[in-house]
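**Q** Chain by chain, the residues:
There are 2 protein chains.
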Amino acid sequence: MDLLFLGTSAGVPTKKRNVTGLALIEETGSDWFLVDCGEATQHRLLRTRLSLHDLQAIFITHVHGDHCYGLPGLLASAGMSGRKKPLTIIAPAGIAEWFKATQQFTQLYLPFEVDFLPTEALDTWSFAHWAVDAIPLSHRVPSFGYRFTETAREPYLNTEKLTADGISRGPIWGQLRKGIDAFHDGQTLKSSDYVHYPHPARCVVVCGDNDQPELLRTFCQPAQVLVHESTYTQEVADKAGDTFGHSSAALIATFAQSIALPNLLLTHFSARYQANPEQSPSIEDIRSEAAHYYQGPLFLAEDLARYRLAKTGDLSLVTS
Amino acid sequence: MDLLFLGTSAGVPTKKRNVTGLALIEETGSDWFLVDCGEATQHRLLRTRLSLHDLQAIFITHVHGDHCYGLPGLLASAGMSGRKKPLTIIAPAGIAEWFKATQQFTQLYLPFEVDFLPTEALDTWSFAHWAVDAIPLSHRVPSFGYRFTETAREPYLNTEKLTADGISRGPIWGQLRKGIDAFHDGQTLKSSDYVHYPHPARCVVVCGDNDQPELLRTFCQPAQVLVHESTYTQEVADKAGDTFGHSSAALIATFAQSIALPNLLLTHFSARYQANPEQSPSIEDIRSEAAHYYQGPLFLAEDLARYRLAKTGDLSLVTS
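Listed in order, the protein sequences are those of chains A and B.
Under my numbering, the first residue of the first sequence is numbered 1, with each subsequent residue one higher.
Under my numbering, the first residue of the second sequence is numbered 1, with each subsequent residue one higher.
Treat the hints with care, since some could be wrong.
Note that identical chains are pooled: a pair holds if it fits in a single copy or bridges any two copies.
[To be verified] Quick list of in silico lysine-lysine cross-link-like pairs, DSSO-like style, CA-CA up to 30 Å:
1. K84 with K15
2. K311 with K15
3. K178 with K190
4. K85 with K190
5. K85 with K239
Keep in mind the hints are simulated off the structure, nothing from the lab.
Please read these numbers as outputs of a predicted model, since none were measured by experiment.
Here chain A stands alone, though its shape is the one from the complex (with noise of 0.2 Å):
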């Protein structure tokens, strides 16, 4: 599982960073998920080798325009590039609303379905290899963080003790591997007793707007990685005495470090923070205090970033 950022910037895009679009794509390299479609999310999608044909699903954090407003050009595009297979839209329910009134008013016509699920149904969704849920956040309208949990994890097979039992290489050894108990010399052969999986099943939090990480206590236990928000250093908030439902680097950083998370992978930073580190403020400043409160693997999203979460729950930038 391959996390491409397409956009690492909150509220406004800036020369360097678009608006919020995080793609989520699988060992193949070709089918992917996208989480938020912040305007100019396909122009980020140009500049990769993924395909709007790929595309298994879209899920949307809150329908902050930041995070949605790329959404109906998005699917336009997709049309016009001439997909037919119908496409899943997970999102909070104005976002469905709100794109069939785009469809009405700008004579908007897809050549494939478009289903639209709430996220307040807080349903697990199943693809082919994921399954995926969500969970409500805190912010200044209803933000939902998705986990992503793999499905189909590789078996393994056990063979040295199948042999010493005295079960040759067969159709058995086939049905064991698919977790099925089999029956062999009058005996039933519990697949769990020959099969086990290396490493646990991967495990993503892909978080909106949110200024109560508390509330992802329980829900991120089992995830290797947490995408969350870090729109501020706490002293920035501090002035401005609001934080408009968003979270400081500090805020989100204790709370990783209080959990044990594996790995902090944060984003969506305000447009103020600079790339350049010898501008100020500059996105060295989030590094630092986030660094400062958290003391496992850091890592500050950029645009067109991509990051690789190994089987072994490992999460480490992909370089080209």
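Fit chain B to the given chain A structure using the hints.
**A** What follows is chain B alone, placed relative to chain A:
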């Protein structure tokens, strides 16, 4: 008056070209008008010196997304950057309804007033130095062209004639210069006898999508510049067997030649046309087809290219 293109692609963005947007910039270099606002128009603006605080009005030609999906994000960013000044948007009625729905469903609050005026009224809208009127075109949805006519021209006062007529320098000169008749030595002095305008009023026509240039024959009569779509070459249009309501290079160029248009500025090119003339089909195919039918000064717009309409009526590319 400068014309700065923010997008020159039809339908979908490409790596080099954004969807439609055009800034018309006043002599001062700061006050400006926007015609059409495709997705990521605000991103293009980050690469110019134009400020959303100096934007005088927005004109939308028609409701298709590649001409308007950038509107909510651009207005949201204007609000976040502290704009308080009301903004006039002249647009087909569907745009106002769509924007209202967008505000409602995405909880967008602006700290300034937006006054929507329907293009369908075909009024003349007056601004400090320009009057703007509109004309209905022919497309799959109602589409319009806007004509910008200079109203605040620099008058030339014939001081030689004034001196010869025994009227010496004084307040009367200023009065006549302003176009007001004056009383002097028992005689009425007509301003028009002493004042003239060395050049005709500048006039630019900017059109939305349109497959019948002929509709513009009278409207374009005073124009020095026509900005018009040229989505395909005729060969491509013929192959497709459907123009989808668009003009070919041959069609618009033939029309421009027939009215002896002073300057033809083409834009809104299908994504298939490559910027690199060594690839095929390239934008040069459009250029050579248009040049075959139109012998006047021909310009093919590029993203972020800036053209200047001089007081003389000459159009030229501004090289910085």
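**Q** Hint by hint, where does the structure go against what was stated? Just the numbers, ascending.
**A** As far as the earlier hints go, 2 and 4 are violated by this structure, in ascending order.
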